[in-house]
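Those protein sequence lines, which keep their order, are chains H and W.
Per my numbering, the first sequence starts with residue 5, numbered consecutively.
Per my numbering, the second sequence starts with residue 3, numbered consecutively.
Hints may be right or wrong, so weigh each one.
Said to hold, decoys possible - Footprint (simulated), chain W over chain H, 3 or more residues, beta carbon under 8 Å: (1) 91-99; (2) 108-118.
Stated by the list, open to error - For the chain W half of the interface with chain H, some residues (derived, Cβ under 8 Å), not all of them: (3) 5; (4) 63; (5) 73; (6) 80; (7) 93.
It should be emphasised that the hints constitute simulated quantities derived from the structure, not laboratory data.
This structure is a prediction, so every number in the text was calculated from the model and none was measured.
All C-beta atoms, glycine included, are put in the ideal place defined by N, C-alpha and C.
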Amino acid sequence: MKRSFESPITLLGARALAPFIMMFGLYVIFHGHYSPGGGFQGGALLAASVLLMRVASGSKTSSLILSNAVTTPMGVVGVLIYFGTGLLAMFLGGSNFLDYEGLPIPGMSPYYLRYTGILIIEVGVGLAVMAALVLIYDKMADGEVSQ
Amino acid sequence: MMNQGLKWMVLLGFAGLMGWGMWGLPDRGDLDAPMNEKTTITGTPTPAAHYIEHAYKEAKTPNIVTVVLGDYRSIDTLGEVLVVFTAGLILILLLTNRRKISALDGGDS
Numbered sequence: 005m006k007r008s009f010e011s012p013i014t015l016l017g018a019r020a021l022a023p024f025i026m027m028f029g030l031y032v033i034f035h036g037h038y039s040p041g042g043g044f045q046g047g048a049l050l051a052a053s054v055l056l057m058r059v060a061s062g063s064k065t066s067s068l069i070l071s072n073a074v075t076t077p078m079g080v081v082g083v084l085i086y087f088g089t090g091l092l093a094m095f096l097g098g099s100n101f102l103d104y105e106g107l108p109i110p111g112m113s114p115y116y117l118r119y120t121g122i123l124i125i126e127v128g129v130g131l132a133v134m135a136a137l138v139l140i141y142d143k144m145a146d147g148e149v150s151q
Numbered sequence: 003m004m005n006q007g008l009k010w011m012v013l014l015g016f017a018g019l020m021g022w023g024m025w026g027l028p029d030r031g032d033l034d035a036p037m038n039e040k041t042t043i044t045g046t047p048t049p050a051a052h053y054i055e056h057a058y059k060e061a062k063t064p065n066i067v068t069v070v071l072g073d074y075r076s077i078d079t080l081g082e083v084l085v086v087f088t089a090g091l092i093l094i095l096l097l098t099n100r101r102k103i104s105a106l107d108g109g110d111s
């Protein structure tokens with residue numbers, strides 16, 4: 005494979021854009037209660053910011069932002085956050101699976117427990133989607149380099 | 003040349019039609035809109051009106067879509083997350099051993 009060199013212009017542009025895309029992704033996840041958005045869209049935006057740095061700077065520099073080895077555990081953690089919220093409400097609160105009324109947070113009315121539960125699962129969804137997208141790119145890029 | 007002109011005319015015609023149709027859409031959360039009635043014309047009960055009336059009271063969240071996805075239909079969303087996660091895992095399986103398999107086949111990796 006022909007060796008490719010990093011372009012300083014591309015790198016500078018990506019470095020300028022990536023933090024803002026990441027910030028907007030977090031905003032889309034955490035503001036999903038009030039505006040269009042949620043875990044899936046925010047996760048895709050977070051993955052976009054990581055992938056922009058991956059494409060612009062090569063895997064060595066960009067693995068400082070998010071290491072290749074971290075993506076799979078991160079996806080597992082995302083799914084477990086979602087599943088664990090449901091199980092926590094079921095076993096500790098005595099309600100149904102994923103009925104957030106049973107979440108063991110003291111001093112909250114059932115309405116705000118639901119609000120919090122939705123927020124927690126959105127974070128889990130965002131982590132899982134971001135990890136899956138970055139992981140797909142990493143695996144494809146690994147195959148490309150090893151040839 | 004004739005074909006190009008015709009193509010653009012058809013495209014712009016459809017764009018205009020959709021833009022015109024957009025003005026006739028009901029407002030978000032409009033309880034009087036036909037799609038948000040409590041029963042269909044055949045008498046089947048529908049959940050839309052219940053969501054619009056109760057979403058804010060039950061979850062204190064102004065975005066009805068978030069409440070439906072995250073609370074009322076949360077097991078469906080769990081399935082969606084599992085689908086995304088499984089797709090990622092299957093891509094690991096498909097892409098990781100590429101070099102080993104081609105070496106076993108005697109291919110030029």
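Now the hints, each set against the structure:
1. Given as covered by chain W, the stretch 91-99 of chain H fails the check, having 0 residues with a CB less than 8 Å from a CB of that chain where 3 are the minimum.
2. Restraint check on the stretch 108-118 of chain H versus chain W: 3 residues with Cβ-Cβ distances below 8 Å, three needed, restraint holds.
3. Proximity of residue 5 of chain W to chain H is violated relative to the hint, the smallest CB-CB distance being about 38 Å (cut-off 8 Å).
4. Taking 8 Å as the C-beta cut-off, the interface hint given for residue 63 of chain W holds, the closest approach to chain H being about 5 Å.
5. For the restraint placing residue 73 of chain W at the interface with chain H, the shortest Cβ-Cβ distance is roughly 6 Å, inside the 8 Å limit, so the hint holds.
6. The beta carbon of residue 80 of chain W comes within 6 Å of a beta carbon in chain H, closer than 8 Å, and the hint placing it at the interface holds.
7. Among the interface hints, the one on residue 93 of chain W holds; its C-beta lies about 5 Å from the nearest C-beta in chain H, closer than the 8 Å criterion.
Of the numbered hints listed earlier, those contradicted by the structure are 1, 3.
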